[in-house]
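Trainee: These are the residues of each chain, in order.
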Amino acid sequence: MREIKIIVCIKQILDPEGSRSSYRIDVLGKKIIPVGIPPVINPYDENALEAALQLKDNLGVKIVAVNMAERAALPVLRKALSVGVNELVVLEDEKFKDLDSYSTAHVISTAIKRIGEYDIILVGRQAADWDCGQVGLIIAEILQIPSINLAQKVRVEDNSVIVEKLKRNGYEVVKAPVPALITVSNEIGDLRLPSLKAIKEANKKPVTVWNIADLEIDPKNLETRKIYKLSAPPPAFRKCVFIGGQSPQEKGENLAVKLKEEGVI
Amino acid sequence: MENQKSSNKKVLVLVERKREEIAPITFELLNAGKELAVKQEGTLCTAVLGYKLKDILNEIAYFSDETYFIENALLLNFDVDFYVYAFEKLCRTINPSVILMGHTNDNLDLAPRLAFKLDVKLVTDCISLDIEPKNSHLLCTKPIYGGNAVAIFETIKKPHMVTVRPKVFQPIGHNLNKGKIISFDLPLEKSIARTEIIDEFLGQSVNIENADVIVAGGRGIKTIDGIKLLEELIEALKKYFDKVELGGTRPLVQSSLIPRSRQIGQTGEKVNPQLYIAIGISGSSQHLSGVVGSKKIVAVNRDADAPIFDAADYGIVGQYENIIPTLIKKLKELS
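Chain order of the listed sequences is A and B.
The opening position of the first sequence corresponds to residue 1 in the working numbering, with each subsequent residue numbered one higher.
The opening position of the second sequence corresponds to residue 1 in the working numbering, with each subsequent residue numbered one higher.
Note that these hints are calculated values from the structure, not bench results.
Be careful, since some hints might not be right.
To be verified - Quick list of in silico lysine-lysine cross-link-like pairs, DSS-like style, CA-CA up to 27 Å:
#1 A:Lys-260 with B:Lys-228
#2 B:Lys-228 with B:Lys-243
#3 A:Lys-239 with B:Lys-270
#4 B:Lys-243 with A:Lys-260
#5 A:Lys-56 with A:Lys-113
#6 B:Lys-178 with B:Lys-157
#7 A:Lys-153 with B:Lys-222
#8 B:Lys-243 with B:Lys-9
#9 B:Lys-34 with A:Lys-229
Can you make the complete structure from the sequences, with help from the hints?
Mentor: Here it is in structure tokens:
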């Protein structure tokens, strides 16, 4: 069987597991300033990487990861190479700063055309920073290929992808001819850990960097997010009454009494 | 002149169906839409796509000035290519100024594609909407960074298109007058579909969004025995409430202790019960974003610094295994 080529789009974001104080909000500059939290690969894009690796476990697969950033965090992105991605393509240009979903999709789809032939494009269902959930499907529209949203399982059969697509209640099995784009949900599983040996070898794998001129994109065609205002979320909105007691057992009883007294139950 | 101007300002709500019924998010969208319609002196309209829609149309017409519908067997189930095709044609014909959709799995599929086709920007998962008074752009408020910040996006080009987070807006009350029902005839060809739905596996039907009380577990619940204890608490609460349901956080779903249909939070269900009891839940902003609408929140967690206590009305610090059994016992005793 021929080799299958998979492109996985990975975004670097601020670690979404940071505490509230890790995100300082610059109201005037309308931006978030990280305090002591590192960039990571978007967790949903890690799920997309895992989906690609699951296919690679059983089939002849070549995986190319694509990242777009104003300044790429290469040490973070190398994680993709260490878990089994063959090649990394970085789209790096200061003009790529704060692009909106459409322009991001425009840049990435231009790069994908330049990469050439492919069978499957995998992207995370959304990025855990702005949570827009649009770039993947727009890439598919620009490339005029079929796309399937919210995958919890992906397999390849002949020249088709067969995807378990999340519904609110259960899932559908959806089939599309390749090339196709699939957005991946966390249900597919967490990204595997690399071996020490693989981490060392990742440094030898090819990394290609393209800027806006390499991609022959006119900066006039790129738009940034239109943010009217950025603010902190409302502060803690409830005053917690702590239920006391001599023992945990007594606290449990006291809670029932309190809920009754205050008419909650 | 004035008439012509206002007729251009249609706020269009995509009606969300749950099988043969109108899903609750629809009435929330209508309330959000009505406010925008009033602000721009426009009309509130609805779009219904599906098959055998008679009952839905007769009901929804009491909530909107104009109801547009497309009826076709290919729209019976949500197959995104047919929905994009049909809804795009409808939007191009009636030319709304705003399009409101629920932030649901299906619309996460539909909305970005539709925005691309209509060449406009979409803002997803909005919790508040307003019209900028000077230029009548739409201001769309959306939590970002897992709820650690709030951004207001400004969309310029019409139709302004947003998806709205469930359980944020109050549902609308109905009109006294029935609005117009307008059929939109559109031939649909099977060849429009670029993907094929070959099978469907429906999970256990869960009615968590309408629950009076939700008992939810988090990472602190590590075993099936923990779940059994939550289920005992649910049974005890049924003495006080009609609809008491089990819920949980994403880690609990990932460890297969509860089905995904019971997941509450950013990528799960949004809920607003009378009482939300969070057990062993630390309170990540991703989870809290799904429960903020709850009337009262009780938290039981062994970590006194857990963020869940900032979001709770009542809290107990301690091991849930020691606390819940006596809570259950006392709930049974009280009358």
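Trainee: Indicate, hint by hint, whether the structure satisfies it.
Mentor: Now for the hints, and whether the structure bears them out:
Annotation: proposed proximity of Lys-260 (chain A) to Lys-228 (chain B) holds, straight-line Cα distance about 24 Å (limit 27 Å). Simply put, Lys-228 (chain B) and Lys-243 (chain B) have alpha-carbon atoms about 18 Å apart, close enough for the 27 Å limit, and the pair holds. For a cut-off of 27 Å, the pair hint linking Lys-239 (chain A) to Lys-270 (chain B) stands: about 22 Å separates their Cα positions. Note on Lys-243 (chain B) and Lys-260 (chain A): the hinted pairing holds, with a Cα-Cα distance of about 18 Å set against a maximum of 27 Å.
A distance of roughly 23 Å separates the Cα atoms of Lys-56 (chain A) and Lys-113 (chain A); the hinted pair therefore holds under the 27 Å criterion. In summary, the hint linking Lys-178 (chain B) to Lys-157 (chain B) is not supported, as the alpha carbons are separated by about 31 Å, beyond the 27 Å threshold. At roughly 25 Å between alpha-carbon atoms, Lys-153 (chain A) and Lys-222 (chain B) fall within 27 Å of each other, so this suggested pair holds. Annotation: proposed proximity of Lys-243 (chain B) to Lys-9 (chain B) is violated, straight-line Cα distance about 41 Å (limit 27 Å).
Proximity of Lys-34 (chain B) to Lys-229 (chain A) is assessed by CA-CA distance (about 24 Å); at most 27 Å being required, the pair is judged to hold.
The structure fails to meet hints 6 and 8 from the earlier list, while all remaining hints are met.
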